[in-house]
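J.: Chains as they are written, first to last, in this note's numbering: chain A, 1 to 143; chain B, 1 to 143; chain C, 1 to 143.
Some clues are possibly wrong.
Ranges between beta-carbon positions, derived for each pair [what the hints assert, rightly or not]:
| hint | chain 1 | residue 1 | chain 2 | residue 2 | range |
| --- | --- | --- | --- | --- | --- |
| 1 | A | 91 | C | 142 | 23 to 33 Å |
| 2 | A | 91 | C | 56 | 18 to 28 Å |
| 3 | B | 109 | C | 81 | 23 to 33 Å |
| 4 | A | 141 | C | 91 | 17 to 27 Å |
| 5 | B | 47 | C | 123 | 51 to 61 Å |
| 6 | B | 47 | A | 140 | 32 to 42 Å |
| 7 | A | 44 | B | 84 | 47 to 57 Å |
| 8 | B | 91 | A | 44 | 20 to 30 Å |
| 9 | B | 19 | A | 124 | 29 to 39 Å |
| 10 | B | 59 | C | 80 | 35 to 45 Å |
Only pairs whose alpha carbons sit at most 35 Å apart, straight line, appear in this in silico DSBU-like list of lysine-lysine [what the hints assert, rightly or not]:
| hint | chain 1 | residue 1 | chain 2 | residue 2 |
| --- | --- | --- | --- | --- |
| 11 | B | 23 | B | 129 |
| 12 | A | 5 | B | 36 |
| 13 | C | 116 | A | 5 |
Here chain A is said to cover these stretches of chain B; the calculated rule only asks that three of the stretch's residues, wherever they fall, bring their Cβ under 8 Å from a Cβ of chain A [unchecked claim]:
| hint | segment |
| --- | --- |
| 14 | 70-83 |
| 15 | 121-135 |
Calculated from the structure, these hints are not laboratory results.
Each residue gets a CB set at the ideal place from its N, CA and C atoms; glycine is no exception.
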Amino acid sequence: MPLWKVYHPVGAYTREDKHALSKKITEIYSEVPLPKFYVVVVFQEVPQDSFYVGGESVGNFVRIHMDHIARQMTSEAQKTKFFARTEVAIAPFIRDRGFDWELHIDETPFDLWTVKGIRPPRAGTEDEKRWISENRPSPRTHD
Amino acid sequence: MPLWKVYHPVGAYTREDKHALSKKITEIYSEVPLPKFYVVVVFQEVPQDSFYVGGESVGNFVRIHMDHIARQMTSEAQKTKFFARTEVAIAPFIRDRGFDWELHIDETPFDLWTVKGIRPPRAGTEDEKRWISENRPSPRTHD
Amino acid sequence: MPLWKVYHPVGAYTREDKHALSKKITEIYSEVPLPKFYVVVVFQEVPQDSFYVGGESVGNFVRIHMDHIARQMTSEAQKTKFFARTEVAIAPFIRDRGFDWELHIDETPFDLWTVKGIRPPRAGTEDEKRWISENRPSPRTHD
Numbered sequence: 001m002p003l004w005k006v007y008h009p010v011g012a013y014t015r016e017d018k019h020a021l022s023k024k025i026t027e028i029y030s031e032v033p034l035p036k037f038y039v040v041v042v043f044q045e046v047p048q049d050s051f052y053v054g055g056e057s058v059g060n061f062v063r064i065h066m067d068h069i070a071r072q073m074t075s076e077a078q079k080t081k082f083f084a085r086t087e088v089a090i091a092p093f094i095r096d097r098g099f100d101w102e103l104h105i106d107e108t109p110f111d112l113w114t115v116k117g118i119r120p121p122r123a124g125t126e127d128e129k130r131w132i133s134e135n136r137p138s139p140r141t142h143d
Numbered sequence: 001m002p003l004w005k006v007y008h009p010v011g012a013y014t015r016e017d018k019h020a021l022s023k024k025i026t027e028i029y030s031e032v033p034l035p036k037f038y039v040v041v042v043f044q045e046v047p048q049d050s051f052y053v054g055g056e057s058v059g060n061f062v063r064i065h066m067d068h069i070a071r072q073m074t075s076e077a078q079k080t081k082f083f084a085r086t087e088v089a090i091a092p093f094i095r096d097r098g099f100d101w102e103l104h105i106d107e108t109p110f111d112l113w114t115v116k117g118i119r120p121p122r123a124g125t126e127d128e129k130r131w132i133s134e135n136r137p138s139p140r141t142h143d
Numbered sequence: 001m002p003l004w005k006v007y008h009p010v011g012a013y014t015r016e017d018k019h020a021l022s023k024k025i026t027e028i029y030s031e032v033p034l035p036k037f038y039v040v041v042v043f044q045e046v047p048q049d050s051f052y053v054g055g056e057s058v059g060n061f062v063r064i065h066m067d068h069i070a071r072q073m074t075s076e077a078q079k080t081k082f083f084a085r086t087e088v089a090i091a092p093f094i095r096d097r098g099f100d101w102e103l104h105i106d107e108t109p110f111d112l113w114t115v116k117g118i119r120p121p122r123a124g125t126e127d128e129k130r131w132i133s134e135n136r137p138s139p140r141t142h143d
């Protein structure tokens, strides 16, 4: 958590672009704070003849699908802040390069998630603080 | 919204097939009515040695995963109609070619979705009507 | 249902590995019992320069995304058992090969799912028993 899947045109991004964008995405979550290693990004090239918007093939479109697990956004203020933060992070790689884009988030059940076989610690626990500071999973000590 | 991911055998579809199917899919939603540009389809080839049903590799199977965001289906009548409409749209590309298939829909939160940085208009608003008629996003004027 | 998407390093698995792992995954669900053909697994190679954890590219990481449709897990005992069963099934292909891993499940609406154009039978019905014993879909006889 989060899992970002970034569907993008073939050749849109260099290795350096993807590294830089994944760092920007990670910062959004590490500021919550959440462990950095929670942030997984999968970049996937989609050939123009396999990518359609409104029934027409597209070569300048980026579609981002996020799954959020560790936290749910319950207030409008949280959502507004998250989207503002996200748009700033991704703009240099999408809007500023002339791509169109769309993104959506699904929130999936906290209790149906494991990292390296371990059920992650609940929000705000000492276990979560340790996962953040050590940036790696370790046995959970609370129920 | 919707986002359709179509997992299919390598070489199952030509560029023309994919274009035609994406148009059929778009019609399902434009009849709601919804803006045509909401409809995103990603075709993804899956090699036979990476695609398994019931523990056996498959070369004649299409798996469709849809995310719905703009509308939720609340009545059985809506669901029945949607599936009937969908099966007709996809049959020439799947059933009539001898492929097996499975599809499912997830409904994800309306408030966790943006298009080109804009939170899309709510159902039935003047903003949504404008998005439909212009077939592009523009600033939302309601809360 | 379930749909497993397994994102893994390029070349991590042979055809035999993927076949064997998909059989192990299928057993988890056939023990419920559920029809074996419900279990769909898509393996997807992700090049190291397209796969990021915590802002760093990874070449030894497996990320599994599952969608569950036919059953929801409502008790902690069910979840604990499922994860224990799953970890045993995947360990020879992930942990024992030195890969890190993360997995999560989304539960999506039963009523928004079809197999070969048929709405699958509800849990425990005679129809479901027939689907299990015949290992193929056939017309549903209940509402």
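J.: Work down the list of hints and note, for each, if the structure agrees.
T.: Status of each hint after checking the structure:
no.: 1; hint: A:91 - C:142: 23 to 33 Å; result: 52 Å, violated
no.: 2; hint: A:91 - C:56: 18 to 28 Å; result: 22 Å, holds
no.: 3; hint: B:109 - C:81: 23 to 33 Å; result: 29 Å, holds
no.: 4; hint: A:141 - C:91: 17 to 27 Å; result: 23 Å, holds
no.: 5; hint: B:47 - C:123: 51 to 61 Å; result: 34 Å, violated
no.: 6; hint: B:47 - A:140: 32 to 42 Å; result: 38 Å, holds
no.: 7; hint: A:44 - B:84: 47 to 57 Å; result: 32 Å, violated
no.: 8; hint: B:91 - A:44: 20 to 30 Å; result: 28 Å, holds
no.: 9; hint: B:19 - A:124: 29 to 39 Å; result: 50 Å, violated
no.: 10; hint: B:59 - C:80: 35 to 45 Å; result: 37 Å, holds
no.: 11; hint: B:23 - B:129; result: 21 Å, holds
no.: 12; hint: A:5 - B:36; result: 23 Å, holds
no.: 13; hint: C:116 - A:5; result: 28 Å, holds
no.: 14; hint: 70-83; result: violated (count 0)
no.: 15; hint: 121-135; result: violated (count 1)
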